[in-house]
Amino acid sequence: MLIDSLRSNNLSSLAIIGMEKNVGKTTVLNHLIQEAKAVGFTPTLAITSIGRDGEEKDLVTSTMKPKIYVYPGTLVATARDFLKHCDLTKEILATTGISTSVGEVVIFRAKSAGFVEIAGPSGVEDARRIKDLFLEIDADSFYLVDGALSRKSTAGHFLTDGAILATGAALDHSMAKVVEKTLTMVEIFESPEIEQEDRLLIEEPLSTSRLLLLGEGITTLETDLAFTAARELAEKITPSTRLIAARGVITDSFITTLMAGADLRGKTLVIEDATRLFVGTDLWRRLKRLDLDIRVLQKIKLIGLTINPFSPRGIHFDSVALEDALRQGTSIPIYDVGRKDASISKRT
Amino acid sequence: MLLSAKERKDIGLEYVLDKLQIMTPYGEKRKNERRLYRPGEKELLQEELEAVLLFYHQKESRAYALHDLEYEFCRVKDIQASVERAKRGATLDEVELFEMKVFSRVIGELLRKLKEIEVPQGFKLYSLETLEKRLDPEGTGILTFYIYDAYSEELTRIRKEKRELEERIYQTKEEERAPLFEQRAELVVQEEEEERKIRKELSRDVEEEADELLHNMDAIAKLDHWIAKAKLAMAYGGVMPTLLHESEIHLVEASSPMMEDYLREELASFQKLDIDLCPGTTVVTGANMGGKSVSLKTVLLNVMLVHLGMLPFAKEARLGLFDFVFYLGDDFEDVKAGLSSFGAEILRLREVLKRTKNEVGLLVLDEPARGTNPREGRAIVKGLSQHFMGEKSVLLLATHFDQILEPGMVHYQIRGFEGVDFEALKSQLLFEEKKSLETIRAQMDYRLEPVLEEREVPKDALHICTLLGLDEELIQTISQLL
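Keeping their order, the protein sequence lines are chains X and W. Its first residue numbered 1, the first sequence is counted upward by one per residue in the working numbering. Its first residue numbered 1, the second sequence is counted upward by one per residue in the working numbering.
Among the hints, a few may not be true.
DSBU-like cross-link-like pairs, simulated, lysine-lysine; straight-line CA separation at most 35 Å [unchecked claim]:
hint: 1; chain 1: X; residue 1: K84; chain 2: W; residue 2: K87
hint: 2; chain 1: X; residue 1: K131; chain 2: W; residue 2: K19
hint: 3; chain 1: X; residue 1: K84; chain 2: W; residue 2: K77
hint: 4; chain 1: W; residue 1: K160; chain 2: W; residue 2: K197
hint: 5; chain 1: W; residue 1: K31; chain 2: W; residue 2: K222
hint: 6; chain 1: X; residue 1: K181; chain 2: X; residue 2: K236
hint: 7; chain 1: X; residue 1: K111; chain 2: W; residue 2: K197
Hints are computed from structural coordinates only; laboratory data are not their basis.
Pulled out of the complex, with its shape left as it was, chain X reads as follows:
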C-alpha cells in the first residue's frame, strides 16, 4: 500500500507531482486518503495544492474532474471561491492573506466527511506559509500537496520530503515515449545530494545570487536564468571550475547554451531539487555521457510511481504492459490506482 511507504520512509510531508494534466493525481490523492483512513494513519492530513493553474485547461478538454473525498478532522487550504464546491461541514480556522485568482486562501477543518475542491497558492513561497500555518494549527499534521510539474511552480521545491510521481497516457500517444519520459524523471529524482563540504561552501553565497561557480574561488552571477545568463555563465567557466550551482528552474535551452559555450565534462551541477530541472530525455542522456555529476541541495524521496493508462484524448494503454515496461527501468514501487477507486471519485 502507498500509505506504508509514508511510514517506512519516515516522511512528514508528501507531494503528488503530476507529469502532465489528467494523469490521475486526484485519484492518487483520494486513494492515499482512503488508505490513511483504513489503516488508522495517525497524523492529521493537511491538504492543499500548488499551482493549479491548469483548471481552465481542464475545462477546455472537458474532462471530468474527480473531487477529493476527505474524512472528519482533515485540514484543507483552498481558495475562497472554491469553498462552495466543498460539500462538507467546514470549521473556518484562518484566512491567510494569500490571494489567488479564485480568492484568498482559507484554511478549514472538516467537521464531517465530504467532497472538497482544492485550489491552493500558486507560488512556492506561499505554499511554504500554508505549511507553516498547518503546523501552527496541528504540529503533527502531515502536509499533503497536490502539485503540477510546471516551470512556474513546482510542488516539491523545499516543501516536502517525499513525492509520488503520477504519470500516464496523457503524457504522450506513444507508450514507449511515456516510459522514456517517466524514467528520465525518476532518474532526475534519484540524483544524490550535494557533498556536505561543498554545501558548506556554497549555501550562503547561493542564498543571495541565482548562479554560482566554484573553482579556485567562488564566483556569483547576478542575473536571472535567462538565455543570456547561460551565455554569461559559460564565459566564466574555466578548466578549474569544478562546480556550477543554480537556484530556480533549469531548462533545456539553458543547458544547451551552457554546453555550447563551455566544457562541462566531469563537473558538478547543483540544483535546488529534482523538480527544478526541466530537461528532455535526449539532453539528460547527453549530460550523463558528459559525466556531469548532477546533485541536489534537497533530496525529495520518490516513494512511488502511479500510472493512469487512460488519456482524456481517448488513447489508452494496456495497464499491465505499461507497468512492466516501467519496471524494466526502475525498482520504485508502481501503482495503478486508476481503476480500483473509480467509485470514490464523484463525477462533477
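Following the hints, position chain W against chain X.
Leaving out everything else, chain W in the frame of chain X:
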C-alpha cells in the same frame, strides 16, 4: 496643495510618510487619504496633534501596553465590505462570519488593553460582545467558526443523519457506494439550506451592529495612525507645534529625516535650521553648495507635515495654516513635456499668482528665472520680490542674483565660508585632492543667518573655484572682473 508627486518626493515628504509604521488596513486607508487641514480647521488639527502628542508622551512610560495594542493590530483585517453588505441585507458566508468573530474578539482585547493607556477625549470603541457571543453559541471561546449545531435542532438532526450515512458509506464496499452517495447528496442540499437560513439570521445580527462595527474601524484607523505618527516623531525628534492665527512660520532647529539619514550614511551631520517667515518676501542668498535648496525643502517639509496633522521635526515650531503651498524646485516635470524650463516656470507662476489673489499661500521658489539671461532674470526676481511685499502670502525665495533686496524684505544668508581659515583649507586640499568636495562640504557652515543691514553677496563662488583647483591665471582674471 499644488505639490506634484515628484516634488513631494524631492522635499522628503514621501520619505517621511513611508516611514509611518501603519499596522492595520484601516490605518492604511486613513494615512492614504492624506487629509490636509485648512486654515479654517485649526481646532480639528489641534485635536489631531494633541492625540498624537498623547501617544508620544506614553511611548516610553507605557511602551509595553502600546506594544500589546500593536499585537492586536496585526490581527485586524479589512471587513468593511462585508459589514456594508450585511447592512444592505445580504447574507454573509462562513468566512465573512468568521472574520466578524475575529474582529469582535480583537475589539474586546483592545478594550481591555486600552485600560492601561490614556486615550484622547471622545475616543471610544464599542464592545461587540453580543455579536461575539452570537458567533460562539457553544461558548467555547475558540477563535474558529462554523455553523454550529447549536444554532438549530433541524441542523443537528440533518447532520446526525448525514454522519451516520457517511459512516455507512465508509463501511460499504467501494463498488456499492454509488446509491449511498446519491442519498448523501440529498442530505447535503438539506444541510446547506439550513445553514443558509442560519447565516441569514446571523447576518441580521451583524447588520444590527453595523454602525458600531463601522465606528470601531474608524477608531482603529485613528489609533493606529496616531501611534505611528507618535513613533515617527520619537525617532526623528518631532515637536508639538503652536498653531498661530497669523500666516507666519517660526522654526527652531528644523530638520528633515531624509537629509539626516542620507548624511548619516555619508558620516556627516545635518545642519539644523532656524528661520522666521512672515507675510511678504524673504530672500535667501548664499554660495553654491551652501545648502539653500535643502533649507527651502526643510521649511516646506515641516510646514506640510503640520498641515497633515503630524508633529514637525524641530525643537520649536510656531506657524499658521495656509490655503496652499507652492514649490518651484531645481527641476520639474513640465520640462519633459517639451517646454523650456523657463517657459514651464512662468506658466506655473502665472497659475499660482492667480491663487494668491483670494488665498493665502506659502510660496517657495528655488532660484527662479535661473534659466534666462542674468539681466532679465534679476529683473524678474526683483519684480517678484517686490510684488509680494505687503501681500498676505509668504514668499520664500532663494537666489544668486544680487541687488534684489529692498527695505522691508527679510534677508537670510547661508554663512558659507564665513570664519573659515581659507588658506589653511586650501593647503589641506592640496594633499587631499580627491576628497576636495567632501572636505569643502565639511568646512561649509550651512546655517542660515538673518542679515540685518545691506551687505554685499559673498564671493563664495570664487572661493570654491580656487579650492577645487581651477587654473590660477583664470582665477586672477575672474577676480579682476569682479
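Cross-check of the supplied hints:
1. X:K84 / W:K87: holds (23 Å)
2. X:K131 / W:K19: Answer holds: K131 (chain X) to K19 (chain W) is near 32 Å, not above 35 Å.
3. X:K84 / W:K77: The given pair, whose Cα atoms are some 22 Å apart, holds under the 35 Å limit.
4. W:K160 / W:K197: Holds, because 18 Å separates the two Cα atoms, which is no more than 35 Å.
5. W:K31 / W:K222: The given pair, whose Cα atoms are some 9 Å apart, holds under the 35 Å limit.
6. X:K181 / X:K236: holds (32 Å)
7. X:K111 / W:K197: Roughly 19 Å separates the two Cα atoms, so the pair holds.
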